[in-house]
Amino acid sequence: MGLGDINFTFAVYIQNQPNMEQWQGVTTVVPLQETDIEAIGRACGNGWRKVFNVYAKVLYALDNNDFQFSQLAATWQAYRDEYLLQENSATALLFSAPALNLVEAEADKSKRTVHIICGRTYAKQLLNSEQLNTELLWLDEEFAINFEQHIIVCPYFDYRQLSNIKIQRLARLLSQLLQGKYK
-1 MGLGDINFTF AVYIQNQPNM EQWQGVTTVV PLQETDIEAI GRACGNGWRK VFNVYAKVLY
59 ALDNNDFQFS QLAATWQAYR DEYLLQENSA TALLFSAPAL NLVEAEADKS KRTVHIICGR
119 TYAKQLLNSE QLNTELLWLD EEFAINFEQH IIVCPYFDYR QLSNIKIQRL ARLLSQLLQG
179 KYK
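Residue -1 is where the sequence shown starts when you use our numbering, and the numbers rise one by one after that.
If you're looking for bench data, these hints aren't it; they were derived computationally from the structure.
It should be emphasised that the depicted structure is a prediction, and the values quoted were computed from it without experimental measurement.
Please note that the accuracy of each hint is not assured.
Unchecked claim - Below, in silico cross-link-like pairs of lysine to any residue (SDA-like), each with a Cα-Cα straight-line distance of 20 Å or less: (1) Lys48 <-> Tyr120; (2) Lys164 <-> Glu139; (3) Lys48 <-> Asn62; (4) Lys164 <-> Thr119; (5) Lys48 <-> Gln84; (6) Lys164 <-> Gly117; (7) Lys48 <-> Trp74; (8) Lys164 <-> Phe141; (9) Lys48 <-> Arg167; (10) Lys122 <-> Glu36; (11) Lys48 <-> Gly117; (12) Lys48 <-> Asp79; (13) Lys179 <-> Ala169; (14) Lys122 <-> Ala97; (15) Lys48 <-> Gln31; (16) Lys48 <-> Ala59; (17) Lys179 <-> Ile143; (18) Lys48 <-> Met18; (19) Lys48 <-> Asp138; (20) Lys122 <-> Asp138; (21) Lys48 <-> Thr26; (22) Lys122 <-> Glu140; (23) Lys48 <-> Ile143; (24) Lys179 <-> Thr132; (25) Lys48 <-> Asn162.
Construct all of the structure, not just a fragment, from the sequences and the given hints.
Have a look at this one:
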């Protein structure tokens, strides 16, 4: 199912998974240890290093009034190495469709799980195969949102697709998602 904290509140969904024997056939959310991100990057290539780097950069770019990830470490690199996808991090990288039927109807929307789907193609594939049963408001060719279910579709977690400018846009959208309104 994925990597990260079993009690995640910030979930990123990605179509592929690391091509390492220990991560194949994972059926639960497995927390990483401090050296796992580096090991996955070495074994699986630059693409996975970019996924982890962009994930940490996204968390670090979020508004501190809405999310506290950047308060845990001095830099996004330190956050990536010391917290990302580890136990008690509240973060997950999932290799399955969002389980929206499990989304809690929490009165305090800031405590609900945020769901980010990496890539328009993957999101449309999930919709077309009915693995994702929801309505998405497409803001443009790259970003879509569903306020009720706390879902955002964004470009794939790669520097070329999700540049620093787009990371800032994603951070603003995530704050707007928590506030329940698009500006």
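Now for the hints, and whether the structure bears them out:
| no. | hint | verdict |
| --- | --- | --- |
| 1 | Lys48 <-> Tyr120 | 18 Å, holds |
| 2 | Lys164 <-> Glu139 | 13 Å, holds |
| 3 | Lys48 <-> Asn62 | 24 Å, violated |
| 4 | Lys164 <-> Thr119 | 17 Å, holds |
| 5 | Lys48 <-> Gln84 | 18 Å, holds |
| 6 | Lys164 <-> Gly117 | 13 Å, holds |
| 7 | Lys48 <-> Trp74 | 13 Å, holds |
| 8 | Lys164 <-> Phe141 | 10 Å, holds |
| 9 | Lys48 <-> Arg167 | 19 Å, holds |
| 10 | Lys122 <-> Glu36 | 31 Å, violated |
| 11 | Lys48 <-> Gly117 | 15 Å, holds |
| 12 | Lys48 <-> Asp79 | 13 Å, holds |
| 13 | Lys179 <-> Ala169 | 14 Å, holds |
| 14 | Lys122 <-> Ala97 | 16 Å, holds |
| 15 | Lys48 <-> Gln31 | 18 Å, holds |
| 16 | Lys48 <-> Ala59 | 16 Å, holds |
| 17 | Lys179 <-> Ile143 | 10 Å, holds |
| 18 | Lys48 <-> Met18 | 17 Å, holds |
| 19 | Lys48 <-> Asp138 | 24 Å, violated |
| 20 | Lys122 <-> Asp138 | 14 Å, holds |
| 21 | Lys48 <-> Thr26 | 23 Å, violated |
| 22 | Lys122 <-> Glu140 | 11 Å, holds |
| 23 | Lys48 <-> Ile143 | 24 Å, violated |
| 24 | Lys179 <-> Thr132 | 18 Å, holds |
| 25 | Lys48 <-> Asn162 | 13 Å, holds |
Against the hints set out earlier in the document, violations occur for numbers 3, 10, 19, 21 and 23.
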